[in-house]
Amino acid sequence: MPDFKDMLDEMGKPELPDLRHKELLEKMIVRGKDKSILNVWWLAIGFYMVAAWVMKSAYVPGMTLRHSMEDYSGRHPYLAVLFFLVIPITITISCLFTLRRIFRDAGRPAWKDFVRAMAARYLTIGAALLLILLYLIFATLKSIA
Amino acid sequence: MNFPWFRRTGPFFIPVSIIGWLVLFAGIGIAVRLFQDIDKRSHSVSDTLINFVFNLLIIGAAYSLIAFLTSRKPG
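If you read the protein sequences in the order shown, they are chains Y and U. By numbering that gives the first Met the number 0, the letter at position 128 of the first sequence is numbered 127, and the numbering carries on one by one without gaps. By numbering that gives the first Met the number 0, the letter at position 18 of the second sequence is numbered 17, and the numbering carries on one by one without gaps.
There's no promise every hint is true.
[Claimed, not checked] Just the calculated beta-carbon pair ranges, DEER-fashion: (1) U:Leu68 to Y:Arg100: 13 to 23 Å; (2) Y:Leu84 to U:Phe53: 14 to 24 Å; (3) Y:Gly73 to U:Asp36: 23 to 33 Å.
[What the hints assert, rightly or not] For lysine to any residue, the following SDA-like pairs were computed, each having C-alpha atoms within a straight-line distance of at most 20 Å: (4) Y:Lys141 to Y:Gly61; (5) Y:Lys34 to U:Ile57; (6) Y:Lys34 to U:Leu64.
Calculated directly from the structure, the hints in this document are not laboratory data. Even for Gly, the Cβ is constructed at its ideal location relative to N, Cα and C.
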């Protein structure tokens, strides 16, 4: 029996030099960064349009952001819905799913650290929500008028 | 198909295979063609640039979507 105990002490705990879980998490975070860049490209289209309309309202007398947006929505209703609703909603849902998965796979870290590490994702969600909000405000104003 | 066609460097996807380069050159070709078309119809330089940058963003977004989908490493 003492021999068996010594043998167990010698064996110690089984050790894995590389954790599969760590590798997967690393891959997921890198993939997440690639997706963030993709999201930025698609959100940039909506923001470029808003920026152009803001400039137009500043330099063309009698023009406002609301007029420009209503004019664009009237001329290209499907494109307006695509750039200001479909794409931002898709990006928001995709970001939320990725954040949930990373949070779970990272072993539920502290909220503060997690938000700091995933700041780009939270900013992307914020930007997407801003575009949706802008469109909904102007759509509501149009329907009231 | 042999992936990846692209690898990400900062905000851009750089081609790493012949097909990747073909996609990039196709994007540049479409951008040049669009620029000529917009320039023919516009009334001023700012008119050309405002409309061209909008189209360039759409081309960039489509290119990055293709690059994102084809930059996955096997395994």
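To see whether the hints hold, each was checked on the structure:
{"no.": "1", "hint": "U:Leu68 to Y:Arg100: 13 to 23 Å", "in the structure": "holds, 19 Å"}
{"no.": "2", "hint": "Y:Leu84 to U:Phe53: 14 to 24 Å", "in the structure": "holds, 18 Å"}
{"no.": "3", "hint": "Y:Gly73 to U:Asp36: 23 to 33 Å", "in the structure": "holds, 24 Å"}
{"no.": "4", "hint": "Y:Lys141 to Y:Gly61", "in the structure": "holds, 18 Å"}
{"no.": "5", "hint": "Y:Lys34 to U:Ile57", "in the structure": "holds, 17 Å"}
{"no.": "6", "hint": "Y:Lys34 to U:Leu64", "in the structure": "holds, 9 Å"}
Hint violations for this structure: none, all hints satisfied.
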